[in-house]
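Chains as they are written, first to last, in our numbering: chain V, 1 to 460; chain H, 1 to 196.
A few of these clues could be false.
Claimed, not checked - Among chain V residues calculated to face chain H with C-beta under 10 angstroms, some are:
1. Val-14
2. His-69
3. Lys-81
4. Ser-129
5. Leu-159
6. Thr-197
7. Asp-210
8. Lys-314
FYI, nobody ran anything at the bench for these hints, they're computed from the structure. None of these values were measured; they are calculated from a predicted model. Beta carbons are placed, not taken as given, at the ideal position from N, Cα and C, and that holds for glycine.
What follows is the residue order along each chain.
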Amino acid sequence: MGKTLFDKVWDSHVVSTIENGPQILYIDKHLIHEVTSPQAFNELEDRGIPVFRPNQIVATADHNTPTLHQDQPIKDELSRKQLEQLSENCKKNSITLYELGHKYNGIVHVMAPELGVTQPGITMVCGDSHTSTHGAFGAIAFGIGTSQVAQVFASQCLLLTKPKSLRVTVNGKLRNGVLPKDVILYIISKLGTNSGTGYFCEYAGNVFEDMSMEGRMTVCNMSIEMGARGGMIAPDETTFEYVKGREFAPKGEEFDKKVAYWKTLPTDSDAKFDKEYSFDAEDIEPMITYGTNPGMGIKISETIPVDENPSFKKSLAYMNFEVGESLINKPINFVFIGSCTNSRIEDFRVAANYIKGKKKAANVTAWLVPGSKQVETQIIEEGLKSIFDEAGFELRQPGCSACLAMNDDKIPQGEYCVSTSNRNFEGRQGQGSRTILASPLVAAATAVEGKIIDISKQLN
Amino acid sequence: MEKFTTLQSRAIPLHIENVDTDQIIPARFLKATDRKGFGDNVFRDWRYHKDGTINTDFVLNDSKYSGSILVAGDNFGCGSSREHAAWAITDFGFKVVVSSFFADIFKGNALNNGLLPVQVSLAFLSDLMQRVVSNPETELVVDLEKQIISVKDSELSENFEIDAYKKTCMINGYDDIDYLINNKEQIEAFEAQKIY
Ligand code: SF4
Chain V
1 MGKTLFDKVW DSHVVSTIEN GPQILYIDKH LIHEVTSPQA FNELEDRGIP VFRPNQIVAT
61 ADHNTPTLHQ DQPIKDELSR KQLEQLSENC KKNSITLYEL GHKYNGIVHV MAPELGVTQP
121 GITMVCGDSH TSTHGAFGAI AFGIGTSQVA QVFASQCLLL TKPKSLRVTV NGKLRNGVLP
181 KDVILYIISK LGTNSGTGYF CEYAGNVFED MSMEGRMTVC NMSIEMGARG GMIAPDETTF
241 EYVKGREFAP KGEEFDKKVA YWKTLPTDSD AKFDKEYSFD AEDIEPMITY GTNPGMGIKI
301 SETIPVDENP SFKKSLAYMN FEVGESLINK PINFVFIGSC TNSRIEDFRV AANYIKGKKK
361 AANVTAWLVP GSKQVETQII EEGLKSIFDE AGFELRQPGC SACLAMNDDK IPQGEYCVST
421 SNRNFEGRQG QGSRTILASP LVAAATAVEG KIIDISKQLN
Chain H
1 MEKFTTLQSR AIPLHIENVD TDQIIPARFL KATDRKGFGD NVFRDWRYHK DGTINTDFVL
61 NDSKYSGSIL VAGDNFGCGS SREHAAWAIT DFGFKVVVSS FFADIFKGNA LNNGLLPVQV
121 SLAFLSDLMQ RVVSNPETEL VVDLEKQIIS VKDSELSENF EIDAYKKTCM INGYDDIDYL
181 INNKEQIEAF EAQKIY
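Extracted from the complex, chain H is given alone in its bound form (with noise of 0.2 angstroms):
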């Protein structure tokens, strides 16, 4: 897994709520059996028409937004499990997703693929997406050490939350694998004297 300290870049503004996994990836795309490329589909429906043609009215089409920061609307990534969904948006570019609120299943696909969820107060979400629409060139901060994320050259900035444990993770690019097996004396041991 990558590394995750700081990040400055501007961000795309989806000013959608209940994003959930079928948006970001759809289905018909879940037919490989590697990791790599869904980018290519990401949020599919929304960015081309029916007839393969570009959705120009499509935030993700539309050029004067760039950036590694995704802002979205309240509870992103509900519905399916799917890892696609995280291995999707990283794929297309993105390090971070902004929301007020995340799904449990999607938040930790995330954690564990080097995409940071921040999660941020509806008064902020609401303030950042005002900002970050009306002017694309608006550069964000994140920074996962002190756990803040601000508008730079601002004075709009918030605390954000995350798990201890994830958050050393994120930071020295370790995965649970390694730690898991690490512990497989314990594990063995656990199976041995099982209770029930």
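So that you can see chain V by itself, here it is in the shape it has in the complex (with noise of 0.2 angstroms):
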């Protein structure tokens, strides 16, 4: 029987088996950042470890950074502690850091794919379940906890148990209007907040392989809103015209011989999933969740439905909405686009495409966050800022900001923000705040409208 991308994969990563146990993987490559690693330096640092392989680490600062003036000193006390304490560990043990200002500074899982560090066959860990964006390139990539941090820290290896694999396929032509961001959320709305839970995810179908690659790395970012480990897409030469020239990726001959096996990674025709689902590409609009977790979507043109799960209840409650209500004309006051989710210049570039020649609505408050330092650059190279500027829309320094507002960009209470992040948990905005996720045509649209608009008929 043929594999799957994800079996090659991890299989040849298996350093060895444990008899009725798990099986040590070896981790290629390990991203770090301030939130979930000081307790992991803090673990190897008591018990003598030393950190095994420093130059297989890059560490970014991200969750915690202010998004104005990072040219000055932080003002919050416990942040630029967390920060000073990254610079310090990474300067202790011989790790690569992009701290705030750098030019490759930005969120871990916008920064790592840009600069080449991820590829295409490796694996690849991080402190933040978002890390299976980096799936896109075909690379098993996932979210760990920080004791597992501190596991690779000390040995380059994990202690895991083989998950199952899942196939989700969309085949066909997508609607005007359609982006990336609303097939996951279509996907996720299908299927649930834990289908996915013990599995590891394949994309597969004409829409992913058509997609670009800022856009595969949308979807594949939130294969964990529907509980999987991760989510991998097919390396192709797509993929390979992305990393290629990246300051890491292989140069030369080193670069031919390394495609020449990527493209050994493909599924095997033969190969078998535990699990498949298939939609078809014409069946999804752009789309808006309703509730308090990412499963909680409808096409934008959709009423919210009936449920009588008592949880179900306690979400609509806490966003304010009713049964069979529509979500078409709710006055919104914010706007976020940004987070690992939809901070790239393509983001940007649909969000200015809209916008151009348009005005922001006097009521809303709209961030734009750009996820990396490069990405930054390039929104102003390619004139994008002064359509921002013009149109009355702020764009902010890179970070994670208002995506889980540990910093100073938090939505203020009972508010709703309409964002492009991933997460519509309770006060993840902060406190009290409410979340409805969606792409950043339909964000960029609400923040010029100053309410939800039916996206779809504009364009059509």
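Combine the two chains into a complex, taking the hints into account.
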């Protein structure tokens, strides 16, 4: 029987198997940031264990960083200490760190692919659940807890049981205005937030084949939102083209050799998955969420469904929405375009393209937060910033920002925020805030109108 | 890590599904650089109103209920990978969480911190939840060796699954780092002959 993409990458990284137990899996690349690494460094230090392979670790500061005045000292004392601790830990252990203000700084899942750290066929981990993003390259990439961060520091390996395999296939032609974000929100709304638990997911079909790397990253990013540890897309010419020439990508002959290997990775035609789903691209429309988990999504033109489950009702009560209600024309005062789901250059191009020549509604506070320093520079160089400025949008400096509101970028109590991030949990964007997840196009349109509109009508 | 063999305790019923790690410990409390003290803020935004007053409607503030077992609704621990969630729950005093489903990363984090996730059937959970809610004095017994959870002095009990390796670690208080470090040579040999 043939092997899946996941099998091929996993099997080539197994150091050994414990009888009736987990396997030792070798990890090629380890990404770290300020929030989930300090306790791991402490643990190693307490036990007198050195970092085993410091040159396979890349560090950035992103979760806790301000998005204004990054050149000045950070005001919040705890945040400043956390960043100082990261710098100190990296220096002590000879780990490359792109700290605040560095030209390569950014959200870990935006900067690593940009630098060519992320490559097909590798294993990659980070103390962050959205590490699934990097699966877009055909890598096995997944989030880990801090104890596991310490394990990888100590041994460059993890003890794991091989997950089961799941394939989601989407074929057909996407409608006008349907973006990769809509595709993944649609899939999660159909399958639910725990359908992927215990599985690694492969996305297949022409819809993903035709997507840019940015789009594929948006899709794989939200694999965790259906419970899957990670998502993967087979590497192809689009992948090789993206990786080629980047800072840490293999060069010259070495690159060609890698490409020859990467071409052997896609799933064999006779490989079997433990679970399969498939959808038609034509059925997908621009999506929006109405509840407090990412599975609570509808087509923007639909109304909120009926459900008697107490948790469902609790969720609607939190959002102050009612069963049967449509979200069209809901006034919205906050819009956030950013996060590791949608803060790449393509996302800002989509937004700018819509916004050009229009003005932001007066009631709306709109934050545009690039995923990295490189994206920020590109926004300025491509002239997108002047479009945003003219329309009254605020372009801030890179970081996780209002995605998790650890810094000052918080949505006030009771307010709705149409957000391109990945989680609409209670209080995720600030205590009492209400998050509505959507694509950058829907977010841009909301900011211009000051309310949610049926974008599909405008485009057709 | 603390050893875990058996536990008899009352339980606190958290009758909510899809409890995500943002609820267990909100992001604004993740600025600390050590593992201690997160229990003060576990379920912070459910335990306290925004003005800092106590939300007496929330079960953790209901003095009727006590114990080191948390009985929670389906799909517990989804969302962010923050291990702070497991630290917050253990720091508050829980040693076991019972649910009909756990998110992968949370489960792993719990096991790495001596917190036992006991996964039971939906039917068992609903029965258990009802008993604990209606009688706060209900005592539960969790036997890791036998992999059984039961309600004391009753017929209600169920077997639960746990990875054999993880079970050994919990019972002996070992962690994965010890194991991996003991296998350094093998790891180095692997590095030397990597095929990709
Ligand atoms: S942008 Fe949001 S989801 Fe992504 S890494 Fe940062 S906090 Fe996590």
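Tested hints:
1. Val-14: 9 angstroms, holds
2. His-69: 19 angstroms, violated
3. Lys-81: Because about 7 angstroms separates Lys-81(V) from the closest Cβ in chain H, which is inside the 10 angstroms limit, the hint holds.
4. Ser-129: 4 angstroms, holds
5. Leu-159: This hint holds: Leu-159(V) lies near chain H, its Cβ roughly 5 angstroms from the closest one there, short of 10 angstroms.
6. Thr-197: 6 angstroms, holds
7. Asp-210: Violated, about 27 angstroms.
8. Lys-314: It holds, given that the least Cβ distance between Lys-314(V) and chain H is near 7 angstroms, below 10 angstroms.
In terms of the numbered hints stated before, the structure departs from hints 2, 7, listed from lowest to highest.
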